[in-house]
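Based on these hints, arrange chain B with the ligands on the given structure of chain A.
Protein chains in written order, with this note's numbering: chain A, 1 to 247; chain B, 1 to 311.
Any given hint might turn out to be false.
Unchecked claim - Some residues of chain A that are not near chain B, with every Cβ distance over 10 Å (derived):
(1) N21
(2) S52
(3) K61
(4) K63
(5) G66
(6) L143
(7) S144
(8) A174
(9) V217
(10) G225
(11) G227
(12) E229
(13) E235
Stated by the list, open to error - What follows is a set of in silico ranges between Cβ atoms, one per label pair, in the way DEER data are often shown:
(14) A:D54 x B:I289: 44 to 50 Å
(15) A:A116 x B:A149: 40 to 46 Å
(16) B:A5 x A:A174: 39 to 45 Å
(17) A:D137 x B:T6: 18 to 24 Å
Quick caveat, the hints were computed from the structure, so don't treat them as lab data.
Bear in mind the structure is a predicted one, so any value in this text is a computation, not a measurement.
Virtual Cβ for every residue (Gly too), placed ideally from N, Cα, C.
Given next are the chains, with one letter for each unit.
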Amino acid sequence: MLRVESVVKSFGGFKAVDGANLHVNAGEIVAVIGPNGAGKTTLFHLLTGHLSPDSGRILFKGKEIGGLSPHVLCRRGITRSFQVVNIFPRLSVFENVQIAVLSRERKTFRIFSPVAGMAEEEVHRILRSVGLFDQRDVESDLLSHGDKKVLEIAVALSGNPELLILDEPTAGMAPEETERCIRLIRKLSGESGLTILFCEHDIALVFEIANRIMVMVRGATVVQGSGEEVRRNSEVQSAYLGESGGC
Amino acid sequence: MRRSATPFLLLLLLAALLALPQVLPRFHTYVASIVLLTALLATSLNLAIGYTGLYQFGHAVFYGVGAYGTALVLTRSGMPAPVAFLVGPLAAAALSLVMGVICIRLSKLYFGMLQISLGSLVWAVVYRWYSFTGGDDGIHGIPLPDAIASPKGSYYFTLTVTALCVFAMYRIVRSPFGKVIQGIRDNPVRAAAIGVDVRLHQLASLVIAGFFGGVAGSLFVVVENSVFPDMMFWTFSLEVLIMCLLGGMYTFFGPLVGASVIVLLRVFASVHTQYWSLILGTILTLVIIFLPDGVLGRFVRRSLPKEDRGA
Ligand SMILES: Nc1ncnc2c1ncn2[C@@H]1O[C@H](COP(=O)(O)OP(=O)(O)OP(=O)(O)O)[C@@H](O)[C@H]1O
Ligand SMILES: [Mg+2]
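Only chain A is shown next, with the shape it has when bound in the complex:
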């Protein structure tokens, strides 16, 4: 479904992504791991149009998508959450999801129909599935950090993506929130067969839920394979797993 080939992105001489390769099949959960500054977020930005690659190819469903803008890629079926919570802070939980649903339904140019209550059923269904239904009328800025991250996943889901990209979905979460988030990711993958690409510093978590793992160090892909293959890779052990085991 997604294929990244020798992609390079530099910021004024510094190569943040330098020869990344990645392969994601439909229905898989794939994780990207690597130390701080390895280029994971930059890679994700390249996949969602927030940055364009200097060279290399990014193919989604067989088509080159490198350099397309974020809103176009969302419509093509890639949605995401960000490493730092990125929601509409002044809108309620309900409205955050609603606006994403309306965008997907191409209703954002309706200027006279009242927005209140539009797409209510679907928004409620999404909020129930992520466990935020009871907080639907809360201004989203007032949510706990963990709930904000979950809300952002809900917003990303509202676009009915084929590929969901999550940049450190559990970062900063309390243990029980992390647990809940993992269950959610599993459920999304299991129930709706959603393809998920994420990155995470919690290595145990990664080995627990990812079908396959890609290891990135200094912008380059060191290895991509099953948990077992990654564990066995000596380069990974020296460069990453051995020294820290978790960052």
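Okay, now just chain B with the ligands, sitting in the frame of chain A:
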């Protein structure tokens, strides 16, 4: 509670406005007309600056073009008056589209500065083109249909059009489009990430704001019977901006309040002093220091963390 009281208060206000010319002398009826159309102008600006978060620093240009469009059709073509009242706002919307396409690529302040520059260009053309626009003299004695030529007639026309336009904008900010532009204002990155074409929506918002600004300009022709270039000069843009700031940019009705206060003050002040800009400057200073959310915003705005403020 406040939410349920609002429609009632508005009806009361409307009733009072309907009765106004029956009890007020001529001059005050005229002032009330100016208050109304300026309130429309400020509300239209707020669509761009308060609701979309675009630094619309040259809004008076659309007001001026709306006025000149209507005035020129009325004086120079044999076309019926309704055409004139369409041409003004449509010309303003078209100009808004063209300027928007040019400026939208720039961010924040640069957008505003370029808009002022382009607006000044339009002003300069109008100011100099004596044979067409009347140059710095403007156009006077514009012929109007009898029904709206009297002070009362023009007042009721202004009231009707302003009420309809404000209602239309009220609907717009509560539509899906309205929600989306507010989302863009607060977080353009997230908006794009959910599939919203940010620039296209910003452009649409600018065109709508320009259109209603143009309507206010057309009403000016009805009330004043004349147009002159200074109504589109950048200093007047600033004055309208102050109205929004004073009333509260994050409230729908704030700019209406701000416009009323400023217009009444100006009328009052011009009787007693020549130092209007001094007064305006003082108001601006006081507002920025004591009422950063504006008069209305101070009372109705939900409390939010500081870092989320700012258009
Ligand atoms: N816009 C930018 N301009 C300049 N340098 C950047 C930019 N974005 C990222 N970098 C640099 O590129 C490198 C990779 O950053 P990136 O955020 O992709 O890493 P990461 O793997 O996501 O790290 P973390 O685990 O800390 O989130 C870092 O050294 C960072 O400082
Ligand atoms: Mg990162």
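Which earlier hints can't be squared with this structure?
none
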